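Those protein sequences? They're chains A and B, same order as listed.
Number 267 marks the last residue of the first sequence (the working numbering); no jumps.
Number 267 marks the last residue of the second sequence (the working numbering); no jumps.
A hint or two may mislead.
In this list, chains with the same sequence are indistinguishable; a pair is considered to hold if it fits within one copy or across any two.
Result set (SDA-like, lysine to any residue): computed pairs, CA atoms no more than 20 Å apart in a straight line [to be verified]:
1) K54 - S207
2) K54 - D89
3) K54 - E20
4) K54 - W110
5) K154 - G59
In case anyone wonders, no lab produced these hints; they're calculated from the structure.
Bear in mind that the values here come from a model prediction, so they are computed numbers and not experimental data.
Protein chains: 2
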Amino acid sequence: MNVLIVYAHPEPRSLNGALKDFAVQHLLAQGHAVQVSDLYAMNWKATLDGADRLDRDPAARFDASLDSRHAYEHGTQSADITAEQDKLRWADAVLFQFPLWWFSMPAIMKGWFERVYAYGFGYGVGEHSDRRWGDRYGEGMLAGKRAMLVVTTGGWDSHYEARGINGPLEDLLFPIQHGMLFYPGFEVLPPFAIHRTSRVDDARYTETTAALGQRLDGLWTQAPIPFRRQNSGDYLIPQLTLREDLAPGVTGFTAHTV
Amino acid sequence: MNVLIVYAHPEPRSLNGALKDFAVQHLLAQGHAVQVSDLYAMNWKATLDGADRLDRDPAARFDASLDSRHAYEHGTQSADITAEQDKLRWADAVLFQFPLWWFSMPAIMKGWFERVYAYGFGYGVGEHSDRRWGDRYGEGMLAGKRAMLVVTTGGWDSHYEARGINGPLEDLLFPIQHGMLFYPGFEVLPPFAIHRTSRVDDARYTETTAALGQRLDGLWTQAPIPFRRQNSGDYLIPQLTLREDLAPGVTGFTAHTV
């Protein structure tokens, strides 16, 4: 299988760097093909702007969606964007690895999604009708592929539990896992999280790589998070609210898993 | 009063640009002082890296927290970071205005938080003991100041409601409002949100600016979101889980408001 690792950490000699190297070696040893988008090493352009469409009239009003659509359709995207889209097409599974900074991904990776997820590729796909609202949330260009987050945090496990002060990790990651991965069609596996990264000694590192190795071995077999598919009949269209008879009375993120 | 507007949109001739200009004029007309950090116009460096500490040994291992701490303590931060910290010290209230891209703020603004919130300024403040876990979540360098998000989205209002497919807007914004604003001490006002931005005609624009004007007039009087303060006794230390007798059985983000 083909695995892409999109990786954002500024220091190769870090826990993240070591875990990324471990993942590459482990996947290669299992016979998989691996590509890594090491965003810091690539000096990835984090900011979406008019320069992302090569044939843009600089005097024209910039529209993030319409300019992206034009560039994607006409082959006038910035070359770095096209290269990442090609890696996504190639991949059967994608790992997104990053330290949790301010309860989300680093800016450099956020900018990867903003720029690589062009209109017509990451969103704006499919038809809108009285039965469908585009190909998204379970359908889209990345359908059939799997994705998994590999996340490190400085806080303690308990700080990210159901009643922990930071909020549950699964809820903090919902905008990413549901809104950025399930949205264009990925099947999203539960995240692999390592907390309290300042206290990783040799024993804990060995334990962590063993656990990560198991998760990598299960990339093709593990059950994804059972997010509800948008066009499955569970949602009213066009309101896109969950049907009243499903999970009655439940609100918030949890309503969107079966 | 002094109001800072941190603003992220790539096109001045946009709805966001018009609303930002309206806010500036409205606040000035009320006698307030206003500064704007227009991140796209400033060509803000979105990516946190070793260059943010001016006296760093380039051969040394980069540590985002420790290098930030050193630079903040020794006055060797990149000048753009120091300038933004000074604006925050000056401000009595801060508006953060942005289009919701992939269910969060644009990368350029995420990078503003990552770089401006230095160790010792945005986090790593205060003492840890058996009764306190640092000055954060209601205490910190920005205590006494107010913050409010001004957010635009392309989706419909119903898509962001309690059972809407995107997840409730208040939950999508929790990592920002609780994790990035309340964390260093801001009192956070409910967000001002405008949905379905492709359908803003003159009538709706007039209605929107009237509503925004009212919110700006209420910056000093409106009740903030009643997030629980970390060191108030509501949380066990060091686990930082909510005491069992408070909101018994409630999990997730809602447990952290009174």
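Comparing the hints with the structure gives:
Proximity of K54 to S207 under the C-alpha cut-off of 20 Å is found in neither arrangement, the shortest distances being 29 Å within a copy and 27 Å between copies. In this assembly of identical chains, K54 and D89 lie within 20 Å of each other by CA distance both inside one copy and across copies; the values are 9 Å within and 19 Å between. Taking the shortest alpha-carbon separations for K54 and E20, both the intra-copy value of 17 Å and the inter-copy value of 18 Å come in at or below 20 Å. For the identical chains of this complex, K54 and W110 are neighbours both inside a copy (18 Å) and across copies (16 Å), given an alpha-carbon limit of 20 Å.
In the homo-oligomer, the alpha carbons of K154 and G59 never lie at most 20 Å apart, since the shortest distance is 30 Å inside one protomer and 35 Å across protomers.
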